[in-house]
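**Student:** Protein chains in written order, with the working numbering: chain A, 3 to 379; chain B, 22 to 429.
Derived by calculation from the structure, the hints in this document are not laboratory data.
Even for Gly, the Cβ is constructed at its ideal location relative to N, Cα and C.
It cannot be assumed that every hint is accurate.
Only some residues are given here: those of chain A computed to face chain B with a beta carbon under 8 Å [as the list claims (entries may be wrong)]: (1) 89; (2) 90; (3) 94; (4) 96; (5) 98; (6) 100; (7) 105; (8) 110; (9) 115; (10) 119; (11) 120; (12) 124; (13) 286; (14) 310; (15) 312.
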Amino acid sequence: MTAAEDGTSPASGGDARVEFEGVDKSYDGRTLVVEDFNLTIRKGEFVTLLGPSGSGKTTILMMLAGFQTPTAGTIRIDGRSVEDLPPRRRGIGMVFQNYALFPHMTVGRNLAFPLEVRGLNAEERQERVERALQLVRLEGLEDRRPGQLSGGQQQRVAIARALVFEPDLVLMDEPLGALDRSLREEMQYEIRRIHQELAVTVVYVTHDQQEAMVMSDRIAVLKEGVVEQIAPPEALYEEPERAFVARFIGENNRLHGRVVTVDGDLCEVETGRERIRALRIADCEAGDRVTLSIRPERIAVNPEPGVYGNQVGASIRDLSFLGDHLRVRMDACGREDFIAKIPNIVGHGGILVGDTVRVGWTVTDCRALNFEEKGPH
Amino acid sequence: MTKAGGARTNPADPARRNRLRAVGLVLPLLVFILITFIAPLATMLVRSVHDPVVADAMPGTLAALSEWDGEGLPDESAYEAVARELVEAREARTLGQVAGRVNRVQSGLRSVFTRSARSLRDVTGGPWRDALEEIDEAWADAATWHAIRATGQRFTARHYLNAVDMQRLPDGSIAAQPEERRIYLPLLWRTLVVSAVITVFCLLLGYPVAHLIAHAPERRANLLLALVLVPFWTSLLVRTTAWIVLLQTQGVANDLLVALGLVGEDGRLAMIYNMTGTIIAMTHVLLPFMVLPLYSVMRAIPPQYMNAAASLGAGPAQAFFRVYWPQTLPGVGAGSLLVFILAIGYYITPALVGGSSGQLISNMVAYHMQTSLNWGLAAALGGILLAGVLVLYLLYDRLVGIERLSLG
Numbered sequence: 003m004t005a006a007e008d009g010t011s012p013a014s015g016g017d018a019r020v021e022f023e024g025v026d027k028s029y030d031g032r033t034l035v036v037e038d039f040n041l042t043i044r045k046g047e048f049v050t051l052l053g054p055s056g057s058g059k060t061t062i063l064m065m066l067a068g069f070q071t072p073t074a075g076t077i078r079i080d081g082r083s084v085e086d087l088p089p090r091r092r093g094i095g096m097v098f099q100n101y102a103l104f105p106h107m108t109v110g111r112n113l114a115f116p117l118e119v120r121g122l123n124a125e126e127r128q129e130r131v132e133r134a135l136q137l138v139r140l141e142g143l144e145d146r147r148p149g150q151l152s153g154g155q156q157q158r159v160a161i162a163r164a165l166v167f168e169p170d171l172v173l174m175d176e177p178l179g180a181l182d183r184s185l186r187e188e189m190q191y192e193i194r195r196i197h198q199e200l201a202v203t204v205v206y207v208t209h210d211q212q213e214a215m216v217m218s219d220r221i222a223v224l225k226e227g228v229v230e231q232i233a234p235p236e237a238l239y240e241e242p243e244r245a246f247v248a249r250f251i252g253e254n255n256r257l258h259g260r261v262v263t264v265d266g267d268l269c270e271v272e273t274g275r276e277r278i279r280a281l282r283i284a285d286c287e288a289g290d291r292v293t294l295s296i297r298p299e300r301i302a303v304n305p306e307p308g309v310y311g312n313q314v315g316a317s318i319r320d321l322s323f324l325g326d327h328l329r330v331r332m333d334a335c336g337r338e339d340f341i342a343k344i345p346n347i348v349g350h351g352g353i354l355v356g357d358t359v360r361v362g363w364t365v366t367d368c369r370a371l372n373f374e375e376k377g378p379h
Numbered sequence: 022m023t024k025a026g027g028a029r030t031n032p033a034d035p036a037r038r039n040r041l042r043a044v045g046l047v048l049p050l051l052v053f054i055l056i057t058f059i060a061p062l063a064t065m066l067v068r069s070v071h072d073p074v075v076a077d078a079m080p081g082t083l084a085a086l087s088e089w090d091g092e093g094l095p096d097e098s099a100y101e102a103v104a105r106e107l108v109e110a111r112e113a114r115t116l117g118q119v120a121g122r123v124n125r126v127q128s129g130l131r132s133v134f135t136r137s138a139r140s141l142r143d144v145t146g147g148p149w150r151d152a153l154e155e156i157d158e159a160w161a162d163a164a165t166w167h168a169i170r171a172t173g174q175r176f177t178a179r180h181y182l183n184a185v186d187m188q189r190l191p192d193g194s195i196a197a198q199p200e201e202r203r204i205y206l207p208l209l210w211r212t213l214v215v216s217a218v219i220t221v222f223c224l225l226l227g228y229p230v231a232h233l234i235a236h237a238p239e240r241r242a243n244l245l246l247a248l249v250l251v252p253f254w255t256s257l258l259v260r261t262t263a264w265i266v267l268l269q270t271q272g273v274a275n276d277l278l279v280a281l282g283l284v285g286e287d288g289r290l291a292m293i294y295n296m297t298g299t300i301i302a303m304t305h306v307l308l309p310f311m312v313l314p315l316y317s318v319m320r321a322i323p324p325q326y327m328n329a330a331a332s333l334g335a336g337p338a339q340a341f342f343r344v345y346w347p348q349t350l351p352g353v354g355a356g357s358l359l360v361f362i363l364a365i366g367y368y369i370t371p372a373l374v375g376g377s378s379g380q381l382i383s384n385m386v387a388y389h390m391q392t393s394l395n396w397g398l399a400a401a402l403g404g405i406l407l408a409g410v411l412v413l414y415l416l417y418d419r420l421v422g423i424e425r426l427s428l429g
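Start from the sequences and build out the full structure, keeping to the hints where you can.
**Tutor:** Written out as structure tokens, the structure is:
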């Protein structure tokens, strides 16, 4: 899939900040850790590379920063190929996985470092350091050493250091990985605030889908070095184009089956006993195997007959009340872990474990994707 | 919790038993260190200030001299006592030691003492002054009596004064030795300078090696580390002899230089049996002591720091000197301290390849231990070295902090 084809990237030109074009990377000359990566990032955009470990997301970031060289393809920043540009000349602010704050320097000296090597005078340095500390809300900690700060404070210093020399492009490599859960959530909003305040372009790497959803304008989902889909968060959730994306972003019910008939954008899929009508997302023909994806909250239990395009029988195995919704696990379509979430506004009509019910969902909420057998759920 | 309280004083308490067992296991080492290290060190330090030979052999003489005002010559009682005690010392076979000690203060007195003791067998009675002056006119010289009185002190700073080229004049004041007799201070200074030079060479050679090993892939790092350690596994004598083979006038290095036309056949360089030889061989011997602490410190520095420096706009030199070098300082300090301390006390290598101009203070200590048998002076020189090392250690603690010392 190329940038032009996926339809969500702007055409390359005027406001493109970063362009990847057909980028491959191989460490051993045989296996590609990144394969045919194409992405155009606009000025001021927040783009996240999301994927499990080994998906090549950090490698892509390192190639953009200049610490790795592409085996093939071109990377352009502001229209200029950066192939022969060493990291220090790329003018990119970078936040590293474990912060990489210089332990022998105070916070102030850490922040002043990029300014000193750029030859700014002491007065200007002081002013910029103070402004950067204000931005991350760490005023007055200038004279501390990184070792005397908490994880969250170190994180803020690392962000401030990446921003203090006012780069147009900032890269972040799993910056929140070392923080605990509540701090991580706080920092997500903090990073988003800073991004909006400074209007810098951010390329962010994470394996945490929630983190990606909170902050990003667009997310590139990667699997084994290949882009599965590039889209804004809502689109990734609502309109996944690949079975992996549907599985990786949010929860979904996966049904495996074989296409029986194809009718334009729709198709009919045979999953054991039932025939299910679905949107034809994968480029499939009659006889092909596909994976159907249905979000649990789109499934209605005991609906009025005829409202939904798909209706099947199910028996309730398990009920869990989770406050905002009731989670129903049942046997349906040959699976024992078919999940429906009933929001706590409609009432659930006295369903009990062991009941036999009917469940239904619309044709447009059911997407026929590429066949993907492995993977959980 | 009376039960717990009772258990604490119970001899069968497991924690107490474990403590006792731990002490028991450490005990052999403690005893070993006490006998082989602490005790000899203490004995040596005592010997550098304590010398009872003359005091034990000539108590009467010294008692008589205590009334002497130091002007002119002592009275007859001193002559009588010295005559009696010289004969007694001869019979007790301690005369040689006594004469040797006095001779170190006033040279020539050794033969005066032995001759006098021998001749006094034939003298049956006083006046002793005339008898002694007849045997040797040195007895009519106040310096002789000053020498006896000086060596008669049980506790003395004489050896330390000697070790720093000072002497106590007959009137009790302290003054520098005459120029031509000053040997220890210049030698001590030379030892410090040479040790510093060796430390700098070790650092210059060892730093890149340690860096290479610390950031190499594991398999290659292990191989390189083994190569660094090979000198440790080779006999010191073999290594030193190898340097002789390489560096001698007709050796490999000179042959190579001549073959390359860099020096003429009669311009062969003298690289061994002088200070050059000492420095080359000692740098080689001490190099691992620099590489290992550096390696252990460098291995703990994640490569991310250099990436971070580069991404912040620093060039390679700036990244190295501002980010990498400061973080290796604990290793630099530890390695330098280790090499320097080992170098100032090094003995075998300078003895084998140093010739006459490449000797260090430790060779002088060995000389006084083995040849001149002036153990007091040897002990004083050793004491000064020990004090020097302690001063260095404290200095390092003040400047860098000893807790930042990393020996790997």
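**Student:** Which of the listed hints are broken here?
**Tutor:** 8, 12, 13, 14, 15
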